[in-house]
Structure formats: C-alpha cells, structure tokens
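Take a look at the letters that make up each chain.
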Amino acid sequence: MEAAEPETETVMNLTCRSCVHFDDDPEHLEAEVPGILVFGSGYSSARGHAGFCRRLDRFLDPLLAGDCPSFEALDQRDRSTSSAG
Amino acid sequence: MNAEKRRSALLTEEDWWTVWFGLAILLIATVLAMLTLSGHMSTKRVPKLGKWVSSPSDVFYRSKTTRIDIDEPTTLAGLADGINAKKALATAEVVSAVNGVKLLVVSSREGDGETISVNALLAGGESELVFSPSEPDPGGLGARGYESQVVPSASMVIGEGRFSITAQRVAPIGWSLVVSMILIMLLTAIGVRVMGQNVGRYAPAFSVVAILAVISFAIANQQTIKSLGLSYAAWALTIGLVISNTVGTPEWIKPGVRTEMYIKVGLVLLGAEILFGKIISIGVPGLMVAWLVTPTVIIFMWHFGNRVLKMTSKPLVMIIAAATSVCGVSAAIAVAAATRAKKEELTLGVGMTLIFTVIMMIFMPMFIHWVGMSEVLGGAWMGGTIDSTGAVVAAGAFLGPDAETVAAVVKMIQNILIGVVGFFVALFWITSVERERDAPRPGLGQIWVRFPKFIVGFVAASILFSFVLSPLFGSLFNGDGLKLVESSVLKTVTTPLRGWFFCLAFVAIGLESNFKELAAQMEGGKPMVLYVVGQSFNLILTLGVAWLAFSVLFPNAV
Chain E
1 MEAAEPETET VMNLTCRSCV HFDDDPEHLE AEVPGILVFG SGYSSARGHA GFCRRLDRFL
61 DPLLAGDCPS FEALDQRDRS TSSAG
Chain W
1 MNAEKRRSAL LTEEDWWTVW FGLAILLIAT VLAMLTLSGH MSTKRVPKLG KWVSSPSDVF
61 YRSKTTRIDI DEPTTLAGLA DGINAKKALA TAEVVSAVNG VKLLVVSSRE GDGETISVNA
121 LLAGGESELV FSPSEPDPGG LGARGYESQV VPSASMVIGE GRFSITAQRV APIGWSLVVS
181 MILIMLLTAI GVRVMGQNVG RYAPAFSVVA ILAVISFAIA NQQTIKSLGL SYAAWALTIG
241 LVISNTVGTP EWIKPGVRTE MYIKVGLVLL GAEILFGKII SIGVPGLMVA WLVTPTVIIF
301 MWHFGNRVLK MTSKPLVMII AAATSVCGVS AAIAVAAATR AKKEELTLGV GMTLIFTVIM
361 MIFMPMFIHW VGMSEVLGGA WMGGTIDSTG AVVAAGAFLG PDAETVAAVV KMIQNILIGV
421 VGFFVALFWI TSVERERDAP RPGLGQIWVR FPKFIVGFVA ASILFSFVLS PLFGSLFNGD
481 GLKLVESSVL KTVTTPLRGW FFCLAFVAIG LESNFKELAA QMEGGKPMVL YVVGQSFNLI
541 LTLGVAWLAF SVLFPNAV
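Listed in order, the protein sequences are those of chains E and W.
Read left to right, the first sequence gives residues 1 to 85 (the numbering used here).
Read left to right, the second sequence gives residues 1 to 558 (the numbering used here).
Distance condition first, Cα-Cα at most 25 Å in a straight line; then the derived DMTMM-like pairs of lysine to aspartate or glutamate:
1. W:K254 - E:D25
2. W:K526 - E:E32
3. W:K314 - E:D23
4. W:K343 - E:E27
To spell it out: a stretch of chain E is covered by chain W in this simulated footprint if at least three of its residues, at any positions, have a beta carbon under 8 Å from a beta carbon of chain W; those stretches are:
5. 20-33
6. 41-49
7. 59-70
Just so you know, the hints here were simulated from the structure itself, not pulled from any lab data.
Note that beta-carbon positions come from the ideal geometry of N, C-alpha and C, so glycine has one too.
Pulled out of the complex, with its shape left as it was, chain E reads as follows:
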C-alpha cells in the first residue's frame, strides 16, 4: 500500500483525472448504469478511481491509461471542485 501511493498520485496527475473528458463522479455512474443501486454503489471501493471517458466512450482506470491523443488538460480548480474523489 505504501509503495503504491506515490505511483498512484504521479500517474493520475498526468492522465485521465487531469483531463476534461474524464468523469469519475460516482453519482453519474449510478445514474448512467441502470440498476447499479440495487446491489451496488458508485461510491464503493470496487470502483477504485475509474470513471467514464466521454471522448472515447470507455470506462477507464486512470492508472491503466497510457498516452492519450485526446487528452485535454483540465483547470485544476475545476477538478478540485467537481471531483468527490
């Protein structure tokens, strides 16, 4: 766990979570996948840091995303106010 944290933080700052196309809001996940609330939750640990890429129409884990030609940097203030995680 200790060893993984620096890697997590570094990669995430460079990829999806800093991108305008990435949406990791748990409420959006719950709203867009019907029935997910019956036996699940967008806020659970199982989601990790994953979210939807609106540009690629994929459900992505930012840690597994490589260099992306569609990357567009998000204003840090936007991310800090729009993300719960």
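Given chain E, work out where chain W should sit, using these hints.
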C-alpha cells in the same frame, strides 16, 4: 501528500464510512454498557418490535428488564408493592433468590389489557401466589389497582441489607424506536454529506425507507404470520418489490435507497457477534469454497464465451464472467475498468447479473429448505454463488441465523478477490488481449484500492469483541467477560441495530428492483447463454466444494 491522499480516501469511500459507522456504534454501545454495569445509568437499548397478538399497536410494546434496588428489609408482599410502585409490571421469571425464596413475576398481556402476578417459588419447586391484580386492566399500561394475596410467605422478611432484583415489564417502545431511527439517520447523514451527496434529499428519503422497515418487522411479528416462518427479510423485500413494481418507487425516495451502505454497516456490526476463532473456523472451509471455485469459473466462462459462443465483445465476456463468479455489480465495475469496457458493455453486464441475483436470492433458500439441506451447507452454497453481498445476506436471513452467518462470511472471503481479479484481468488484458507494450502495467497497490474495506471493519469488530472488550469487562466487573459483553453491549444495542440496518437494506433492494426495467436491461442470445451456462457450472461446482469443505473436511466449523 500521501497522508493527504489517504485521508481523502478514508472520507470519500462508502466502504470506509461503513467501518466508521460500525465502530462508532460499537464504541457508543460499550460506553453505555460500562455506565449501566457500574450503576450510573439505567439500561439503554435499541428496541426490537414486540409481538403482534390482537392489534398492530402491540408491536410498540415490549417486555423490558428493570433492575430494582431494595435498600431495606421488606416482605415479599412489600417487595411486590415496590415492583408495582416502580411500574416494573410484568413478565418475568425468577428474579432473585433471597433467604431461600425465589420470586417469580409473571405477567401476560392480551390486547390492551395486562395481568400481573408475583409468585414465590418455595423450596421443592412449589409455587405460591403472592400478589395478583384485582382484574386485568383494560386501559393499557396506566395506573391500576392490585390486591395482595394473604399467604404465609407474603409476610416473610427478606432483604437483610441492600440487594437488587431484576424484573421485566411491558413498556411502550414507540419513542425509543423513533429516537433510534433518528440517530441512525443522523449518523449515516454525516457520511452521506462528506461523500458529497445531498443530505436534504437523503433525510426524508431515509425516513420513508425506515418506516417501511418498521412495517416489515411488524408484519413479521404478527402471531400467525410468525408461526409460518416468514422472516422480516422476506417482508422487507416483498414490500419494496410491491411498491417498485406497482406504483413505482418515487424519485425523491431514491437518495435513501442505499443497499450497499446499509448492508455493509450491518456486516461490520455482525463482526462483533462472532468470536474471532469462529471466523477462522468458518474461514478455512470458506476459503476453499470462495478461492478455488471463483478462478475456475472465470477461466471456464472466458473460454466458453470466446471459443464456444465466439462472442465478439471480449470485455463483455470478462465482465459477465467476473460478475457471475465473484460478486455481481462490484466485480462488473472493477473488471469493466480493467478491460476498458464501453458503457453499454458495463450496463449489459450489470443488467445480466441483476435479474438472476434477485431470482436466486428468492428461490435458493426455498430450494435448500425444500430438499432439507443443512443451514451451514446451504449458507456456504449461497455465499459462493449468489452474485451480491446484499442478496447473499437476505437469502441467508430467509433460511436462518447459521445460514446468514456462513453465507456472509463466505461472501466476504470471495469479496476480497475483487481487487485480485481486477489486477490480474488488467495484466492479462494488456499482455494477452490488447497486447499494448507501452501501456502502464497495473500496480499491486490496485488490489488494496479495490479491497472492500468494510471487511476490515468486520474483522476489527470481531477482534475488539474477542480480545479487548471481553477481557476488559471481565476484569472491570468481576464476571464472565464474554457473557457481560453479550448481555450489555450486543443484545441491547448492536444486534438490534444490525437487524434494523439489514432490514433497511432489504427494503432498499425491493425498492430498486423493478422487474420490467431489469428485464429491459437483459439481452438474449449469447450473453444470456454465457450467463446461464456459467452460473449453472458455478452452482454445481460450488455445491460440490462446499459439501466437501463444510460437511466432510470441516463438519464442525460452525
């Protein structure tokens, strides 16, 4: 920076909040128990509903244990008057043995009336009436007249010095029920607020779910219905399903429909009721069931979907395989991220598992009961096969307490695999499916990120109960620590609260399960064939391994 990030995860993940809720409840219950046992306050308990005999309002009355301190010598008749004066009117059994005389306080309640009598149990087991009411009180639990019976033992002086007796009385529980529900709402609202959800929408929605939970318990406590063996879990689910599939669940109630949160808090509290040694004894055969079958089923379904059915969407095959073999929606989300699935693939994978989870949750306990399978084996089978933790606990509750415990423990052991499966699927995807040489490799830290943290709370609660509270209570109050904790912490607060949290979860499952909407999410053809074949394989394999583990190798696990 790391500390900052860790704090953030601790406050924003629902799993962590369920740990905080559970441990906070345990802490509060422990403090209350210590104050009670040291004589600083009367017993505070979270109410369970009473028995519905002739009127639904009966459920809002329940026998309640009261301790009465007697400071001066008194007679049996005088003691009975003392009980009366303190309104300790009611059912109960032997309350004390003083000077060789045992007191038996007996009360029965029919409708709104109550009768009470105090008997002296004399040497040789004979019972002698000491005290009885002149007539049953038709007005409920208010003041009434009693007449002492003139019997020899009534004049016997007892109580040379200070002593205490305990008696039980029938007491109204309406207000304590309301207060308990408000406290649950306030506690959970803290987490809801910090996670970024709207408390203003959550509070009224929670109130409705809580009222439905009370109605579920009330119906289950109806005398005739209770004799049929239909548990509160069945009624909670049924009431939710009826609303959802007839008038529909109103949108404004949905913020209170948080199945996962309620069930996980309940499971953390369940940890306090199971000695750590018992978790280990169930855990060893449970590991066999969960960890041998799960990877086997995933590999079988992957090959079946790709080689036999030749499905074009590989992410969909993997999502359905993981959802079937691990834990439904949570595994589907984890694997969808690992396989970079499209939204419709995730939606279809989730939809495929939901309807079958509801069906299995209802019919597996019926089948197990019908064939006469043991609760332990049945619980292990359901824990290993039903796709969701909430559904597993509900199905276990339908069957019985042993089934509930075994099913929950087996499911939690299986849940640990979410992160492991996510890690290996991501690695497999990059190296063998998409073959991207330059793509970042998943780190082992991912296993912890996706680890269902509520399991930490479950184990912590068990360790706390087994190795901290029991010895502490034993030394502080000079007695059997285990029994003291059971009677003053578990039975009064945490166990009834666990029941309420589970009931809230079962109502929530029903409220979210609209069969028409779930059916619309399903797709026939190959995904359906994959799920049905995979789940059938899972059912047979799990039953075989569960039988081997719980009936042959470790028959005394529970």
